[in-house]
Amino acid sequence: MYRYDEFDATLVAERVAQFRGQVARRLSGELTEDEFKPLRLMNGLYLQLHAYMLRVAIPYGTLSSKQMRKLAFIARRYDKGYGHFTTRQNIQYNWPALADTPDILDALAEAEMHAIQTSGNCIRNVTSDQYAGAAADEVEDPRPYAEMIRQWSTFHPEFSFLPRKFKIAVTASDHDRAAVKVHDIGLRLYRNDKGEAGFEVIVGGGLGRTPYVGHAIRKFLPKEHLLSYLEAILRVYNLQGRRDNIYKARIKILVNAEGADNFAAMVEKEWAAMKKTDIDLPREEIERIGAYFAPPAFETLPEESASLEEQRRRDPDFARWLRTNMAAHKTPGYAIVNVSLKPVGGVPGDISDGQMEALADLAEDYSFDEIRATHEQNLVLPHVRKDDLCAVWSGLKRADLATPNIGLVSDIIACPGLDYCTLANTRSIPIAQRISERFADLGDQESLGELKIKISGCINACGHHHVGHIGILGVDKKGEEFYQITLGGSGAEDASLGDIVGRGLSADATIDAVEKIVACYRANRQDNERFLDAYRRLGAEPFKEALYEAA
Amino acid sequence: MKLLKFNAGRLVPALEEPPVEVSLEDWRANPQAHAGATALKISNAAPLDDIAGDLSGFSVVILAFPGFKDGRAYSQARLLRERFGYTGEVRACGEILRDQIFFMARCGFDAFEFSGADADSAAAALKDFSHFYQAAADGTAPVWRRRLARAAAA
Amino acid sequence: MKAVTANRLDDGAVVYLDESGQWTAELALAARYEGDDAEAALADAKRRATEIADGYLIEVTETGAPAGRTTLRETIRAAGPTVREDLGYQAAGR
Numbered sequence: 001m002y003r004y005d006e007f008d009a010t011l012v013a014e015r016v017a018q019f020r021g022q023v024a025r026r027l028s029g030e031l032t033e034d035e036f037k038p039l040r041l042m043n044g045l046y047l048q049l050h051a052y053m054l055r056v057a058i059p060y061g062t063l064s065s066k067q068m069r070k071l072a073f074i075a076r077r078y079d080k081g082y083g084h085f086t087t088r089q090n091i092q093y094n095w096p097a098l099a100d101t102p103d104i105l106d107a108l109a110e111a112e113m114h115a116i117q118t119s120g121n122c123i124r125n126v127t128s129d130q131y132a133g134a135a136a137d138e139v140e141d142p143r144p145y146a147e148m149i150r151q152w153s154t155f156h157p158e159f160s161f162l163p164r165k166f167k168i169a170v171t172a173s174d175h176d177r178a179a180v181k182v183h184d185i186g187l188r189l190y191r192n193d194k195g196e197a198g199f200e201v202i203v204g205g206g207l208g209r210t211p212y213v214g215h216a217i218r219k220f221l222p223k224e225h226l227l228s229y230l231e232a233i234l235r236v237y238n239l240q241g242r243r244d245n246i247y248k249a250r251i252k253i254l255v256n257a258e259g260a261d262n263f264a265a266m267v268e269k270e271w272a273a274m275k276k277t278d279i280d281l282p283r284e285e286i287e288r289i290g291a292y293f294a295p296p297a298f299e300t301l302p303e304e305s306a307s308l309e310e311q312r313r314r315d316p317d318f319a320r321w322l323r324t325n326m327a328a329h330k331t332p333g334y335a336i337v338n339v340s341l342k343p344v345g346g347v348p349g350d351i352s353d354g355q356m357e358a359l360a361d362l363a364e365d366y367s368f369d370e371i372r373a374t375h376e377q378n379l380v381l382p383h384v385r386k387d388d389l390c391a392v393w394s395g396l397k398r399a400d401l402a403t404p405n406i407g408l409v410s411d412i413i414a415c416p417g418l419d420y421c422t423l424a425n426t427r428s429i430p431i432a433q434r435i436s437e438r439f440a441d442l443g444d445q446e447s448l449g450e451l452k453i454k455i456s457g458c459i460n461a462c463g464h465h466h467v468g469h470i471g472i473l474g475v476d477k478k479g480e481e482f483y484q485i486t487l488g489g490s491g492a493e494d495a496s497l498g499d500i501v502g503r504g505l506s507a508d509a510t511i512d513a514v515e516k517i518v519a520c521y522r523a524n525r526q527d528n529e530r531f532l533d534a535y536r537r538l539g540a541e542p543f544k545e546a547l548y549e550a551a
Numbered sequence: 552m553k554l555l556k557f558n559a560g561r562l563v564p565a566l567e568e569p570p571v572e573v574s575l576e577d578w579r580a581n582p583q584a585h586a587g588a589t590a591l592k593i594s595n596a597a598p599l600d601d602i603a604g605d606l607s608g609f610s611v612v613i614l615a616f617p618g619f620k621d622g623r624a625y626s627q628a629r630l631l632r633e634r635f636g637y638t639g640e641v642r643a644c645g646e647i648l649r650d651q652i653f654f655m656a657r658c659g660f661d662a663f664e665f666s667g668a669d670a671d672s673a674a675a676a677l678k679d680f681s682h683f684y685q686a687a688a689d690g691t692a693p694v695w696r697r698r699l700a701r702a703a704a705a
Numbered sequence: 706m707k708a709v710t711a712n713r714l715d716d717g718a719v720v721y722l723d724e725s726g727q728w729t730a731e732l733a734l735a736a737r738y739e740g741d742d743a744e745a746a747l748a749d750a751k752r753r754a755t756e757i758a759d760g761y762l763i764e765v766t767e768t769g770a771p772a773g774r775t776t777l778r779e780t781i782r783a784a785g786p787t788v789r790e791d792l793g794y795q796a797a798g799r
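Residue numbers (the working numbering), protein chains in the order written: chain A, 1 to 551; chain B, 552 to 705; chain C, 706 to 799.
Worth flagging that the hints you see were computed from the coordinates, not collected in a lab. Among the hints, a few may not be true.
PhoX-like mimics (lysine-lysine), calculated; alpha carbons at most 25 Å apart, straight line [stated by the list, open to error]: (1) Lys248(A) to Lys620(B); (2) Lys620(B) to Lys167(A); (3) Lys751(C) to Lys37(A); (4) Lys219(A) to Lys167(A); (5) Lys165(A) to Lys553(B); (6) Lys678(B) to Lys620(B); (7) Lys37(A) to Lys678(B); (8) Lys620(B) to Lys37(A); (9) Lys751(C) to Lys620(B).
Stretch by stretch, here's where chain A covers chain B in the computed footprint (C-beta under 8 Å, at least three residues) [stated by the list, open to error]: (10) 581-589; (11) 610-622; (12) 628-634; (13) 679-691; (14) 695-701.
The model shown is predicted, which means the values in this text are computed figures rather than measured ones. Positions of the beta carbon are idealized from the N, C-alpha and C atoms, including for glycine.
Given the sequences, and given the hints that come with them, work out the whole structure.
As structure tokens, then:
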């Protein structure tokens, strides 16, 4: 993985020193809160309901064991013994003191991490496929390009005060695990008919108040022009994006107001006028960054592991976990291990300091020191020998990290909601907890197959409810919590926005409604089709009927 | 209100008579009526595609920050410097925070109508960072060029 | 009735203005105001910029419990996350 050189290290250290000065000026009263707020937000420091919240970037979701141990140290030393993984490959601490934040950032810098641009109207932490470098289905590792974007976007002098926040995601697989179609810019690396690798550039997707699936404004962008093309998009957006209304300021509004073709023409015109040699990285630098992402020293192994098969036969729990939590690796004899942060009744994405350290140890022993964070609030050990899967599973079980539910009904995305967040209208976490308890039977979960429930506690949609197979949006009605259900959304390569079914429901009725929807699916399912495919085949009607019948 | 300008690389208070300003719209409507103007004020919304011909008679271009969150003028300044080759003064006016001026300087601004923090504080903020990842209008070599140069020297 | 609440500047903890003009962690001890007095108390509190980050008025009952549209939000602020009863003020057994 990428390692800082002296330039990267200096920049991060200087940012911490700058922020230390800003915090001191605030504590002394030299800065008012109104003046300080934009400064702390540029470094991911929010003020939430109970305390400050610090959002730390995990660029493209890649972590080393050392970094994970540092995150555990911060949780223990400066917070309340846990952290929360978000839908954007960040980790959030919910209880840091303002005066401690410069020291926390120093600790992060020691492990080559930072909180730069994790908030504010700037280019946020660039996200990617959690299986990058390991996925059997990828064209090439997308992370070198994500790292190039990280560097290019860091303290970009022109794009630090955009109309609104800006999120870029990169994938290199046909199966989209990075939700690139619902980002401000989604980049899909693929090979064209001539066998050349380049990017499909998708712009103007996003969730929130006005959800859109993005438009491909360029079918094929040669890889070497990635940064100049991004700069052209950002310049058009910075100059033309709306600033009169915060709810209409994202690039998706501009793209859809102009029309994708017209917007594409504006970008192409700007791009044509740019001096690309000042922006695009030369081959030497692309190769320098790419070298950090060279595959680890995989052993030459047979595809099948006899010991694994023996253990699988012996232990049905292990066999179940393999079925749900293991994914195919590109290298024979290796597998990708998904680590669920969604125990039944748990808080989605939360992890204790001890669990972080247990995972760091497992990564060091069994996964070439690498851990990944996913946008679905889980973690991944990307490079595990099949021979070692049973040992990894045992280690995860000891740390309470072996819930076998990846992609199943209890693998729920939920934003922090009104338990923590000052923007929220309703709680989200208790809904997730109760659904996972209602569907606690692992056999039932597995028989239902892939079913993605996503819950947001307000219209800002941090819980991605629009792209949940079942989406749940919390709405406040005269001080009471109600929940609006959507069906048929997807954030993957078959991206779509869910349809609203029925009126808002109480929390109790929402849990029942999910059960009825699932029962309706079970009754109407053909062969082994997924919930999403059944919904697309059947439409909303049978599900509405199932809901109204009950009401 | 205090005007700060670069002098030999340092940001210092400038004591000078204010320039005679004219907006781009007024200038284009009637250049003869504004023959004595020395500063061209360009609004955030003005398209710059055909600005080149308007710039030659002005020693100052003024760009606006109607609020500190409104960043359109960063793009405008880069376009003036990098695309249209404007070498006169590019002045920032409006709501400017101390911690923003290093972004502005990188985009090609070299004069700042400043209120609030004093000149020493603003000048210090310019020294917060010693490297930059991107090329911009200030001519500083981006980190990747410095890496290449170092590799070539090794 | 209204009370003044804020988050303390140094650690962000929830606080309320009490009768003696001090910040307290207990909503029940918060001073309760009617009408313009509440606005005046808030304006005074906001001037204490090195003590608090953000101040605003909340609606409370005569016994000092959260009231009105933000009842749930202010109940959660006063106690802690409903999903982690070991955290926040509720953890101290209040």
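To see whether the hints hold, each was checked on the structure:
1. Lys248(A) to Lys620(B): holds (15 Å)
2. Lys620(B) to Lys167(A): holds (18 Å)
3. Lys751(C) to Lys37(A): Holds. Lys751(C) to Lys37(A) sits at ~15 Å (cutoff 25 Å).
4. Lys219(A) to Lys167(A): holds (20 Å)
5. Lys165(A) to Lys553(B): The hint is violated at about 32 Å.
6. Lys678(B) to Lys620(B): At roughly 22 Å apart (the allowed maximum being 25 Å), Lys620(B) and Lys678(B) satisfy the hint.
7. Lys37(A) to Lys678(B): Roughly 22 Å between the alpha carbons, so the hint for Lys37(A) and Lys678(B) holds.
8. Lys620(B) to Lys37(A): Judged against 25 Å, a Cα distance of about 12 Å means the pair holds.
9. Lys751(C) to Lys620(B): Status holds; Cα separation ~24 Å.
10. 581-589: Three-residue rule not met by the region 581-589 of chain B, so violated; n is 0.
11. 610-622: Result for this restraint: holds, n = 4.
12. 628-634: holds (count 3)
13. 679-691: Result for this restraint: holds, n = 9.
14. 695-701: holds (count 4)
In terms of the numbered hints stated before, the structure departs from hints 5 and 10, listed from lowest to highest.
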